[in-house]
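In the order they appear, the protein sequences are chains Z and A.
Taking my numbering, the leading residue of the first sequence gets 1, the next gets one more, and so forth.
Taking my numbering, the leading residue of the second sequence gets 1, the next gets one more, and so forth.
No wet-lab data here; the hints were simulated from the structure.
Please note that the accuracy of each hint is not assured.
Taking beta-carbon pairs under 7 Å as the criterion, some of the chain A residues facing chain Z (in silico) [said to hold, decoys possible]:
#1 LEU6
#2 PRO10
#3 LEU32
#4 ARG36
#5 TYR52
#6 ALA53
#7 SER54
#8 ALA61
#9 VAL86
#10 ILE120
#11 GLY130
#12 VAL134
#13 ASP135
#14 ARG137
Note that CB positions come from ideal geometry on N, CA and C, so glycine has one too.
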Amino acid sequence: MTAAAHATLAVRVLLFGSYADRLGLESLEVRLPVPATVRSVLERVRALPGGGQLPERPFCAVNLAHVSLDHTVAAGDEIALLPPLAGG
Amino acid sequence: MSVTFLTAEPIDLAPLLASVQSPARGGVASFLGLVRDHHGGRRVLRLQYSAYASMVEAECARIVAEAEARWPAKLALRHRIGSLEVGEVAIAVVAGAAHRDAAFDACRYAVEEVKRRVPIWKQECYSDGGIEWVDPRGAGRTAAAEPA
């Protein structure tokens, strides 16, 4: 690992439903400076073409569990941005 | 045996009921969620369900564990994905307990938590040819009409 000031981490981001439609993709890799939170991942995604249509505070999950935007992410995490849930 | 909560096949209620029955359980409550033929004044022909499958399995396991910890009950649930016609079963939840209160309460808890927490989405296909993602937060708050 390089010095902390230059350290980065990569996470996998999954998009579903209407969010995947709006960005035209279902998954991507995002590389971020350490430390990073789910909010930093979301900001990257919202900066992509079509990403501005995502809400500022969507439901998010890390490694298959719901988390808040302040959740700290680690290298290799699977981050999911979840449109309004509609099961049942 | 690992339980799969998500299925692409029609949901068969009988094995779910059997899985929560025992000589000690005198009450079994069940809930079925069916595809409805209308929404927001429009005629619905079918629903297309999709899911974040691995998280569905994890979250449903947590919900069942929570309910079984909170009530003296045994639960089983299934949720279907894919294309469902009007009247087909999208979700089935069953709870067996010694008495009816625990069975009803545990079943209701699981249904509500699935709707609140489990990452499943659906598109409504209307008789006028339109297709829209369903946003249960309120009628009219669905995404802009998606191309078919």
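Outcome of the hint check:
1. A hinted interface residue such as LEU6/A counts as satisfied when its beta carbon comes closer than 7 Å to some beta carbon of chain Z; here the least separation is about 10 Å, so the hint is violated.
2. Interface hint status for PRO10/A: violated, as the beta-carbon distance to the closest one in chain Z is roughly 17 Å, over 7 Å.
3. At its closest, the beta carbon of LEU32/A sits 10 Å from a beta carbon of chain Z; the interface hint therefore is violated under the 7 Å criterion.
4. Given the 7 Å rule on beta carbons, the hint for ARG36/A is violated: about 11 Å separates it from the nearest Cβ of chain Z.
5. Checking TYR52/A against chain Z: minimum C-beta separation of about 6 Å stays under 7 Å; hint holds.
6. A distance limit of 7 Å between C-beta atoms decides the matter here; for ALA53/A the minimum to chain Z is near 10 Å, and the interface restraint is violated.
7. Nearest Cβ of chain Z to the Cβ of SER54/A: about 6 Å, under the 7 Å cut. The hint holds.
8. Checking ALA61/A against chain Z by beta carbon gives a least distance of about 10 Å; that is not within 7 Å, so the hint is violated.
9. Residue-level restraint check for VAL86/A is violated (minimum Cβ-Cβ distance to chain Z is 16 Å; threshold 7 Å).
10. Below 7 Å, beta-carbon pairs count as interface contacts, and ILE120/A has one with chain Z at about 3 Å; its hint therefore holds.
11. Of the supplied interface hints, the one on GLY130/A is violated, with its beta-carbon coming no nearer than about 14 Å to a beta-carbon of chain Z, more than 7 Å.
12. Hint status for VAL134/A: holds, given a least beta-carbon distance of 4 Å to chain Z, under 7 Å.
13. The beta carbon of ASP135/A is positioned within 7 Å of a beta carbon in chain Z (closest approach about 5 Å), and the interface hint is therefore held.
14. Checking ARG137/A against chain Z: minimum C-beta separation of about 6 Å stays under 7 Å; hint holds.
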